[in-house]
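Novice: Read off the chains here:
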Amino acid sequence: MRSTLKFAVPLAVAALALGACGTKGGDTATPAASGGAAACGNYKIGMFGALTGPNANLGIYIQNGVNLALDDYNKKHGDCKVTLENYDSQGDPTQAPALAKKAIDDKKVVGIVGPAFSGESKAADPAFNEAGLVTITPSATNPKLADNGWKTFFRALGNDATQGPAAAKYIKDTVKSTKTFVIDDASEYGKGLADIVRQDLGAQVVGNDTIQQKQTDFSASVTKVTSSGADALFFGGYSPEAAPLIKQLRDAGWKGTFVVADGVKDQSFIDNAKDAAEGTVITCPCVPADVAPDFQAAYKAKYNEDPNTYSGEGYDSATILLDGIAAGKDRSSMVDFVKSYDKKGVTKQLKFDAKGESADIKVFAYKVEGGKIVSVGEIK
Amino acid sequence: MQNLIDNFFAYTITGLTIGAVYALVALGYTLVYGVLRLINFAHSEVFMYGTFAALWVVMLLGGRPGAGVGQVVFWVAMMFVAAMAMSGFIAVLLERVAYRPLRKRNAPPLIALISAIGASFVLAEIMGLRSRITAWVGLDDNLRDYVRNSRNNAGLPTIISPQPIFTIGGYHVTNVDVFVIVGAIAIMVILDQFVKRSRLGRGIRAVAMDPESAALMGVNRDRVIQVTFLVGGVMAGAAAVFYMLKIGITRYDAGFTLGVKAFTAAVLGGIGNLRGALLGGFILGLAENYGSAIVGSQWKDVVAFVLLILILLFRPTGLLGESLGKARA
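The listed protein sequences derive, respectively, from chains A and B.
Residues 445 to 824 (the numbering used here) make up the first sequence, in order.
Residues 14 to 342 (the numbering used here) make up the second sequence, in order.
Just so you know, these hints were derived from the structure itself, not from any lab.
Some clues are possibly wrong.
[To be verified] Incomplete in silico selection of chain B near chain A, CB under 8 Å:
#1 27
#2 78
#3 166
#4 206
[Unchecked claim] These stretches of chain B come out as covered by chain A in the derived footprint (C-beta under 8 Å, 3 or more residues):
#5 14–25
#6 49–63
[As the list claims (entries may be wrong)] Derived, one-sided and incomplete: chain A residues facing chain B with beta-carbon distance under 8 Å:
#7 497
#8 500
#9 537
#10 538
#11 541
#12 654
#13 657
#14 665
#15 668
#16 718
#17 722
#18 819
#19 822
Where a beta carbon is used, it is the ideal one built from N, C-alpha and C, also for glycine.
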């Protein structure tokens with residue numbers, strides 16, 4: 445008796461569980477099949493970038509923009525909603541290929557917003573290209589990404605080939621620096637950008653250094669900068685390193701101008717560097733919030749803060765994909781749809797050239813003033 | 014090379030300040046190795062918790078730049094109290110939870126090593142997920158400033174603004190540099206005297222020399238081991254304060270690289286040897302800075318580890334060699 449019970453109970457439980465699964469599956473399938481008729485594919489778009497980890501702020505700013513675009517779409521298409529699938533890379537190129545595979549294997553995903561950073565783009569985009577899954581990056585700015593012949597690669601903003609010269613121009617014309625020091629963080633993004641700045645500034649560069657990501661003690665670099673007599677420092681890299689670097693430079697009494705690029709344009713830079721961040725110049729191909737007042741208002745209503753770095757670009761990238769879904773495109777026909785897209789978005793005219801680069805590019809300068817990043821206009 | 018010669022003192026002084034931090038953390042590795050023949054790989058996390066305790070206490074007391082001298086002295090004193098208490102507590106907790114149960118069962122040393130690595134991950138992730146943990150217990154609103162962006166950098170307000178005190182060879186030595194180097198050496202002298210003269214110190218040396226004979230002579234081994242962990246933790250807490258004053262920014266994974274460096278310093282000087290840890294720390298800090306000056310900052314770690322390998326090739330027991338018991342510490 446006892447032994448039969450031993451088997452019978454788990455069996456009954458298992459049977460119940462199986463039954464429950466069956467009915468549940470049926471439940472969700474029915475309305476989709478009948479309600480949306482043939483048109484609704486329960487499509488998803490992917491958000492690929494750092495959502496946790498030290499660089500998460502940039503990813504979250506983008507994700508906020510993407511979610512806003514989804515809200516707009518789902519309000520209009522209540523009978524066939526599109527959902528967001530997050531691929532949290534932590535900004536780490538080594539995690540990117542596995543996540544790309546996950547996205548490719550999910551046939552419901554018809555397009556990706558991202559990958560957010562250049563390093564992870566380089567790692568993941570070949571797989572996306574092979575699978576024909578379209579990616580629109582709202583933030584990866586390394587110019588070489590567009591040179592790989594990836595048919596699925598689109599970039600909704602200017603690249604470092606425009607940002608680098610703009611940064612160099614700003615250092616020369618506005619900061620009026622005559623002796624500039626250049627530091628990079630050896631990343632795909634930081635080194636690429638710093639090399640362009642080095643080239644453009646030419647003989648004006650009085651010294652170079654390369655640091656490592658996750659480094660916290662910059663005493664050797666600080667000595668190099670202060671002893672070079674530089675009146676400006678360009679740093680190609682991200683905010684986790686930029687904050688301790690400028691803090692230690694200011695502690696050592698360096699008075700020059702700190703110039704950084706879009707990778708540092710997030711609030712955590714100011715939170716951590718505190719007073720040392722004041723006066724930092726940040727270049728960015730991202731459009732200031734006040735250029736698109738409607739978007740700014742909608743964003744503020746939802747998140748209780750102004751749109752941040754690449755929120756608008758994230759919104760635009762997602763909108764392109766959602767327009768494609770509305771036009772009845774699936775994964776394979778999405779690439780051509782994006783290629784021929786030509787509409788005004790919140791940041792700029794959204795149109796891509798043959799390499800997938802944005803046709804309409806502007807670079808803006810920002811400055812840290814009173815603990816806030818404020819726009820000081822386009823760099824022309 | 015020319016750059017190094019021109020700015021020799023700048024590289025030397027800044028190298029010594031970070032070297033002082035390495036040395037203090039290295040003491041924790043060396044003490045535990047001395048008595049247990051175990052590399053406490055979770056010691057880097059003991060240090061990391063210290064940096065957060067130092068940061069939090071300043072936030073709690075409303076630390077800000079430009080305060081009066083009395084106020085600053087009070088804040089720094091509280092940083093020491095908080096960081097030493099936190100690091101000491103974590104170190105003792107580690108010994109209780111991760112090592113003592115294994116020791117009681119006479120587990121092989123390799124098992125303790127794995128336990129150490131596991132404990133290190135657990136401690137780092139708890140700090141990295143602190144915003145979630147406080148949300149579970151419903152304290153996230155009250156502790157918002159302390160736990161938000163828990164995987165991001167957290168920065169200390171500049172409570173001591175570095176002021177040049179005097180100049181050597183073109184480098185303006187600041188009050189922070191002097192405080193860190195002198196403070197670290199003073200703490201190490203105190204530790205040295207503690208191990209040399211106090212009753213507990215004698216116990217530590219006895220257990221290091223020969224655990225069984227020490228037990229026969231009436232030394233309570235468990236108690237000595239616990240004190241050893243506590244002392245190592247307190248040293249890491251002091252290192253954490255100096256680190257926060259000099260670097261000013263910490264993160265849940267800040268212990269990892271620094272821990273590896275401090276362990277290297279301990280091996281460099283001769284693991285198990287207190288004065289070796291001091292020497293190793295300073296040499297490592299200097300080597301990193303000189304290396305950065307000559308071949309570029311991206312080679313900093315390479316220079317440090319090449320130096321370690323070279324020294325071990327010629328002196329396998331480290332510069333000063335030998336263990337806690339035999340060294341005339």
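Novice: Confirm or reject each hint.
Specialist: Checked hints:
| no. | hint | result |
| --- | --- | --- |
| 1 | 27 | holds, 3 Å |
| 2 | 78 | holds, 6 Å |
| 3 | 166 | holds, 5 Å |
| 4 | 206 | violated, 30 Å |
| 5 | 14–25 | holds (count 5) |
| 6 | 49–63 | violated (count 0) |
| 7 | 497 | holds, 6 Å |
| 8 | 500 | holds, 7 Å |
| 9 | 537 | violated, 17 Å |
| 10 | 538 | violated, 16 Å |
| 11 | 541 | violated, 22 Å |
| 12 | 654 | holds, 4 Å |
| 13 | 657 | violated, 10 Å |
| 14 | 665 | holds, 5 Å |
| 15 | 668 | holds, 7 Å |
| 16 | 718 | holds, 6 Å |
| 17 | 722 | violated, 12 Å |
| 18 | 819 | violated, 24 Å |
| 19 | 822 | violated, 30 Å |
Violation of the numbered hints given earlier is confined to hints 4, 6, 9, 10, 11, 13, 17, 18, 19; the remaining hints are satisfied by the structure.
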